[in-house]
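Asker: Sequence:
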Amino acid sequence: MIQRGAKAVIRKAEAKEKEVYIELDKLSGARHAVRLKVNRDNYTIAEVDRLFNVAFAASEAELAGSDETVLLNMNMTIEEVIARKGKPGTRVELGSKTILAYDGLKLIFENGKLVDAQ
Numbered sequence: 011m012i013q014r015g016a017k018a019v020i021r022k023a024e025a026k027e028k029e030v031y032i033e034l035d036k037l038s039g040a041r042h043a044v045r046l047k048v049n050r051d052n053y054t055i056a057e058v059d060r061l062f063n064v065a066f067a068a069s070e071a072e073l074a075g076s077d078e079t080v081l082l083n084m085n086m087t088i089e090e091v092i093a094r095k096g097k098p099g100t101r102v103e104l105g106s107k108t109i110l111a112y113d114g115l116k117l118i119f120e121n122g123k124l125v126d127a128q
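Heads up, the sequence shown is in the numbering used here, so the first residue is 11 and it goes up one at a time.
Since the hints were derived computationally from the structure, they do not count as laboratory data. Built from N, CA and C at the ideal position, the CB exists for glycine as well. Check before you lean on any hint, since a few could be wrong.
[To be verified] Listed next, with one range per pair, are the computed distances between beta-carbon atoms: (1) 20 with 51: 44 to 54 Å; (2) 115 with 52: 39 to 49 Å; (3) 27 with 63: 19 to 29 Å; (4) 116 with 65: 22 to 32 Å.
[What the hints assert, rightly or not] Result set (DSS-like, lysine-lysine): computed pairs, CA atoms no more than 25 Å apart in a straight line: (5) 47 with 36; (6) 107 with 123; (7) 95 with 107.
Work out the full structure: start from the sequences and follow the hints.
Answerer: Put into structure tokens, the structure is as follows:
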């Protein structure tokens, strides 16, 4: 397994009929191979790039907004935000204030309505 942020070099990359094969060498000396299976009808650079991003994503949450932008508006309810953004990593209840924390984003609610984002 290659940890996110680990230094690696591409040793070999080969485009085959139904896949892209990539060999990676970590600087520690370990060698890894990745096979990206590509639908023959959608064998484009954009699709290979998308598959590469999926293969090396840190989490599903990292991919959640990759295909479309999630639009949040002031005064949305907690339930509306979760329906659009997905389950938060952390939820903090402080009386009338609720904070939903996503990677790099804090959403602040007062009385169940979105009032701030940081």
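Asker: Could you run down the list of hints and mark each one as holding or not?
Answerer: Verification of the hints:
Restraint check, residue 20 to residue 51: a C-beta distance of roughly 26 Å breaks the suggested window 44 to 54 Å. Our hint of 39 to 49 Å for residue 115 and residue 52 is violated, since their Cβ atoms are close to 32 Å apart. Range check, residue 27 to residue 63: Cβ separation about 22 Å, and the 19 to 29 Å hint holds. Between residue 116 and residue 65 the CB atoms are about 29 Å apart, so this pair conforms to the stated range of 22 to 32 Å.
Straight-line distance between C-alpha atoms of residue 47 and residue 36 comes to about 23 Å, which keeps the hinted pair within the 25 Å bound. Between the alpha carbons of residue 107 and residue 123 the distance comes to roughly 9 Å, so the proposed pair stays at or under 25 Å and holds. Distance restraint check for residue 95 and residue 107: the Cα-Cα separation of roughly 19 Å lies within the 25 Å cut-off, and the hinted pair is therefore satisfied.
Of the numbered hints given earlier, the model fails hints 1, 2; all others are met.
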